[in-house]
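2 protein chains.
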Amino acid sequence: MLARILAGMQYFGEATEKPIAPGRMVNIDTDLPEVELAPGVRSRPLVGENLLASFVRYQPNSVAPMHAHQEEQVFIVLEGELEMTLGGEVRLMKAGDAALIPAWVEHTVRSLSSPAYQIDVFSPPRKALLERLAEL
Amino acid sequence: MLARILAGMQYFGEATEKPIAPGRMVNIDTDLPEVELAPGVRSRPLVGENLLASFVRYQPNSVAPMHAHQEEQVFIVLEGELEMTLGGEVRLMKAGDAALIPAWVEHTVRSLSSPAYQIDVFSPPRKALLERLAEL
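In the order they appear, the protein sequences are chains A and B.
Mapping the first sequence onto my numbering, position 91 (from 1) lands on 91, and the numbers just tick up by one.
Mapping the second sequence onto my numbering, position 119 (from 1) lands on 119, and the numbers just tick up by one.
Okay, chain A solo, but in the shape it has when bound (with noise of 0.2 Å):
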């Protein structure tokens, strides 16, 4: 119980220095913009310093063509079905499904004949998705 109490202590540490920016809670909703990606598929895009999050919604039958990237991915889908490509490997990803993409590996995605929902992560900061957001 005491190495429990200890280590919560060591992982909830108290600030040693200031904040560089402050706090943002958001409604991804309706308090982020929108951007096309591909006929259909839409992300809505929270941009940090080291963090971009990239909300994306697939319209049915829609593509994210295959890619790849300097910046890291985290991958996580949220809602529906979606076919992975990454590396030479194909998964049907649903909710409860992650991957981790580093940078510069090949990967594609597409929506089956249901919608889906899915969180992107990228850090940096992924550079073409920022330039489409300095477009709008």
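No wet-lab data here; the hints were simulated from the structure.
Note that the Cβ used here is the ideal one computed from N, Cα and C, for glycine as well.
Honestly, I wouldn't trust all of these hints.
Said to hold, decoys possible - Ranges of calculated distance between the beta carbons of each label pair, as one might list FRET restraints:
#, chain 1, residue 1, chain 2, residue 2, range
1, B, P39, A, L130, 19 to 29 Å
2, B, E14, A, L130, 27 to 37 Å
3, B, P115, A, D29, 32 to 42 Å
4, B, P115, A, E79, 38 to 48 Å
5, B, S113, A, A134, 41 to 51 Å
6, B, S114, A, P19, 25 to 35 Å
7, A, A15, B, A15, 38 to 48 Å
8, B, E135, A, L136, 43 to 53 Å
9, A, E135, B, S113, 25 to 35 Å
10, B, A21, A, M66, 15 to 25 Å
Chain A is already provided as a structure; the job is to place chain B on it using the hints.
Chain B only, in chain A's frame:
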């Protein structure tokens, strides 16, 4: 239409360098280890190079105490309700709500009478969580 196609080509560019590591597709509940962060607060971490995604389940009436850290954080609620205090503002966060937590911004999260599920993504990977993982 052409502008859309060109923008898509730009977003979905090809690899110009070799991958630094293979990609990895996982089921969060069956493939990732579990660590206890506080009583009733358990994380399953997916660890990358620049990113660490932490899938966190709260039992009812559980608390992640007020804390701050150098790593930038994105917080995303998936299920249930979580009361977040961030930089002095208190908000009840539900599925569809998210927060951006810059370095050293103090925050605390607590569940109410129901369980809850949320994702944290840190960049760089949160050192204190890597240490908890190393203890396993």
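To see whether the hints hold, each was checked on the structure:
no.: 1; hint: P39/B <-> L130/A: 19 to 29 Å; result: 40 Å, violated
no.: 2; hint: E14/B <-> L130/A: 27 to 37 Å; result: 19 Å, violated
no.: 3; hint: P115/B <-> D29/A: 32 to 42 Å; result: 24 Å, violated
no.: 4; hint: P115/B <-> E79/A: 38 to 48 Å; result: 19 Å, violated
no.: 5; hint: S113/B <-> A134/A: 41 to 51 Å; result: 44 Å, holds
no.: 6; hint: S114/B <-> P19/A: 25 to 35 Å; result: 31 Å, holds
no.: 7; hint: A15/A <-> A15/B: 38 to 48 Å; result: 40 Å, holds
no.: 8; hint: E135/B <-> L136/A: 43 to 53 Å; result: 45 Å, holds
no.: 9; hint: E135/A <-> S113/B: 25 to 35 Å; result: 45 Å, violated
no.: 10; hint: A21/B <-> M66/A: 15 to 25 Å; result: 19 Å, holds
The structure fails to meet hints 1, 2, 3, 4, 9 from the earlier list, while all remaining hints are met.
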